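In order, the protein sequence lines correspond to chains D and L.
Residue 49 in the numbering used here is what sits at position 49 of the first sequence, and the numbering runs on without skipping anything.
Quick note: to get the numbering used here, add 1000 to the position in the second sequence (first position is 1).
Under 8 Å between C-beta atoms, here's a sample of chain L residues computed to sit facing chain D:
(1) Arg1066
(2) Ser1090
(3) Leu1097
(4) Val1175
Mimicking EDC-like on lysine to aspartate or glutamate, the simulated pairs with C-alpha atoms at most 20 Å apart in a straight line are:
(5) D/Lys485 / L/Asp1055
(6) L/Lys1213 / L/Glu1141
(7) L/Lys1156 / L/Glu1102
(8) D/Lys334 / L/Asp1055
Label pairs and their calculated CB-CB ranges:
(9) D/Val652 / L/Asn1095: 39 to 45 Å
(10) D/Gln301 / L/Gly1119: 27 to 33 Å
(11) L/Gly1193 / D/Ile43: 29 to 35 Å
(12) L/Glu1160 / D/Gly717: 27 to 33 Å
(13) D/Ala741 / L/Pro1137: 56 to 62 Å
Since the hints were derived computationally from the structure, they do not count as laboratory data.
In this text the structure is predicted, and so the values were computed from the model without any measurement.
Ideal Cβ positions, reconstructed from N, Cα and C, are used throughout, including at glycine.
These are the residues of each chain, in order.
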Amino acid sequence: MSSTLQIKRWLFTTNHKDVGILYLVTSLYFFIIGGTLALLFRIQLSVPENDFLDAAKFNQAITNHGLIMVFWFISPLAFAFANYFVPIQIGAKDMAFPRLNALSYWLLLFGGLLVIAGFFMPGGAADFGWTAYAPLNTETYTPNFGANLTAFGLLMLIASVTVGTVNFLVTIFQLRAKGYKMLGLPMFVWGIFFTVLMMLWAFPSLQAGLILLAADRILGATIFEAPKGAILWDHLFWFFGHPEVYIVLFPGLALALDMISVFSRRPLLGRKVIIAAFGAAAALSFGVYAHHMFMTGINLQYLKFHMFTTELISVPFGVITILAILSMIGGAIKLTTPMLFALGSIAVFIIGGFSGVFNSNPVLDIANRGSYWVVAHFHYVMVGAALFALFGGLYYWFPKMTGRMYNETLGKIHFIVSFIGFNLLYFPMFFLIDMPRRIYTYPEWTGWGPLNFIATVGGFIFGLSHLIMFANLLYSMKHGPRVDKNPWGAWSYEWVIESPPPEYNFEGIPVVQGNRLMVLMADGAKPAAHAHNSHEGEHLSPWPLLISLGPFLFLLGLGMWIAQAKFALPLMVAGAIISAYAVYGWFRDDFYERFKLEEPPEYKERWPFESIHRVKLGMYFFLFGDAVFFAGLIGAYIFVRLEAPTTLPGLVTHNILLGLIGALLMLWSAVFMYAAARGAKLGDRTLTLAGLALSIVLGIAYLVVTGLDWLGTFSAGFTLADPAIATSAVTALSHALHLAAGLLVAVYLLLKVWVRGFTGHVPDTIDSLAVYWGFLAAVTAAIFGVTYIF
Amino acid sequence: MFHYPFNPAELSETARIWWDLFGFYLTVAIILGVVVYAGLVLIPWIYSRRRQAVDEIQPGVIPGERGRMAYLAVIVILIAASFIAIFVESYLAVNKLAATLEEKYNVDIEELQAGEADGVLVVEVIGFQWGWTFRYPNGVETDILYLPAGRPVIFKVTSEDVFHAFSIPDLRVKVDAIPGQVNVTWTVPEKPGTYRVQCYELCGVGHAEMITKAIVLPPEVFDFWYESQSEKLESEGGEQ
Ligand code: HEM
Ligand SMILES: [Cu+2]
Ligand SMILES: [Cu+2]
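Please construct the entire structure, taking both the sequences and the accompanying hints into account.
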């Protein structure tokens, strides 16, 4: 392949393995950035009263270290493997929505770049900690312009995550090889499955918090500065934040289980119990978050309940750990590098989990909260359990991804050195239980010096040990000995096919019969999509890249514009043009149905969603997540109305009649959208065209009426300074943007049905759009019912 | 000043409650930890030496289900039992934290809220960027916290600007200082001495400097200090 083709391939690819490699490289890149920041502040802390970094730089370093490591390193590393291997492991040729998959990647990359760009803004990057507690996160207390970019970057990340979760859920549910039962899937697929489920419900809460924060920072609202604003942020953040820590953990833990089973040559003990334990922990994770709020003075009964659930959640984790250990009994264990990493991961997870239980009640938390004990706790689980397992995965799958073997001795040295470094780094922190987190320096008389010094030494050992891995893998990629397709004697689908896997994974049709994973070559019946999906071919699409680049430039420009920096406006204009052009391009491709990639459904196992189209299934999942987003916003409104006595009810600030008319318009718009979907099902073009047209007109009318109502509110002198007005305005605006996006798709569908009739997926797309419209109508009703009446 | 794990439980009433619970947790953790780590180290050690064991993983074959229901149930029940033990102990400790004032020191919480309880010192703690103000019932404001030994102290904690966390770690006192709300916590300091007071929530560039002293005085000395402060305040008020 020529080099321009190579460049084109990596920029425009939608192939899941290419996207996986992009994720891998990007996450390791962010690992290096986040790690460098960490070493810098470890130097600062190594001795008392040090002045290597000043307080401002130190705070920026810890904040961005946390954000980058959690959001742009560890999860993306897990999703690098998920992208590469989940489709193969379930017996699919690609993800359900390849272009959306590429879109996830580009949104993630550009979101991360926005956060890093914050360092170059006047005032520097965000410095309020990764938890961004209110009201420190508002403009009054953190005027750094970089903080705006951090909020934008996180919003792009959330967009990436949303698209990704929907994609993985549909893929796992509908693209399994014929005969492949859910319960037979490798643990890693299960880990990713529960991870994306948690992501789907957790991230929208952060999204709601960030949008409200953006209103504070940019539009002059005072939601988080108002009394109880701090508590509101705590709820929104930790409802997301606690599940997030399991989101980080699950893929690695599940992968460790797979590796333990393979290298001890024993099936897992109580597989189903383990899967159930993962499920229980995932479900419980949404009901424990107040353990981060033990000292905030909120309702004691609420805290006791969360203490109970937090301690309860140690049961499933205990079960998983103990079954993993007992599984090895009677095996013929091979202590290869991946196995050592898997065992190391379990070893540190035990300490991490135990120390978590120590935090689980409001009494012990008197000492733990905000101290280095907590820092030790979560690094044992996040860095220890997750990172060790995932790096083990890197060794485990290296021969599959490259067809060559790494150097085993160097791998083992890497494990031993990093394991020692890790424990030197974090174990002393348990003894620093009375040292506060996030202080840039400390007086000599505290006596914290020696332990901090040990930690810094450990930090350097740990950080530098990974150079061994990088060297080993980079060298072996080109010069390692070639290996056959299954060097570990593992069982799952990726080991049945060549190394590296061919472009479509399977040179035939993957089918599971009984408990055997097979690839049938019979009658050459390769899926039709095959011909289109090549690295040079039509499955390359520039739009995922451009649709992410546009908002990146626009938001970068916006951030600079707020800071009154030069070149802000041209950037914003360029960003807007690129975004519009890319959306147009994507629609145009769809209009001519250029991009086709679908495996025939009859080759697939789709339980329990046999008859539902993938677009509609994806829409359902998306809306499940989106519901949490609106619940967060409307919940915030209710919260400020209840907690801040000065806020005014909607009855006073709104024109109820206009509100009611708006709600009815939206309702009718949805009804007509259903009529359009019905027409598409019956093949009645006139009905569909009429339904779409009326729905569009009514939708626009809704926007106009709602706009008028808000104009009235503002001209009556109410401003965003009232948190009730601000939260409801943000809710209405988010809803309007949802509707505007929907209208765009509706106009496109109208044109397509008009010009080309019911071709391709059009009927199913209209059907899904009708679901979306129904959801928007329900949200309208909720907005009217709550923010106008209450 | 002594530090974890050496600062004794006798420094305050809350420290005692904390250390009791911590000791319980630590015992459970060590017992379970020894068992689990023994398994984690010994099993791979033993079974990596045996080579003739059956190989139950075959390429392209989904591994079978292993484990008898009874066996698995026992494991789950054992873990659940340790959970229950931990939960019960924590629950009792939380209640004890809430009830000790009333039971041991006869402090009537309701009277206290009405603002009139005997023998209790109520100190208002106000966090700001970047320091602490301590306000006593007589109106005196200080930036060093003076406390009497052996008497219950109630802290009413708030903040003028951002989210801080007020703590006297050695005495096991901690509560968040949040603008727009007053959080209440308590302790009974027992040993005269000087203790560190510090902020435990990132609050901006001066976070590390939000550090001061709590000086626990013998009751007579404290009373003397308190009276002299009152007089000073009065005479200042008279001059104005
Ligand atoms: C048995 C399991 C666990 C329990 C009972 C537990 C409990 C807790 C509690 C109560 C806290 C709050 C401490 C405080 O702020 O005072 C906490 C903090 C934290 N935990 Fe865990 N945890 C567990 C597992 C995990 C796992 C698996 C992860 C991540 C992979 C994790 C990551 C964190 C993080 C990041 C924080 C600190 C957040 C912050 O303040 O920045 N925990 N944990
Ligand atoms: Cu948590
Ligand atoms: Cu502070």
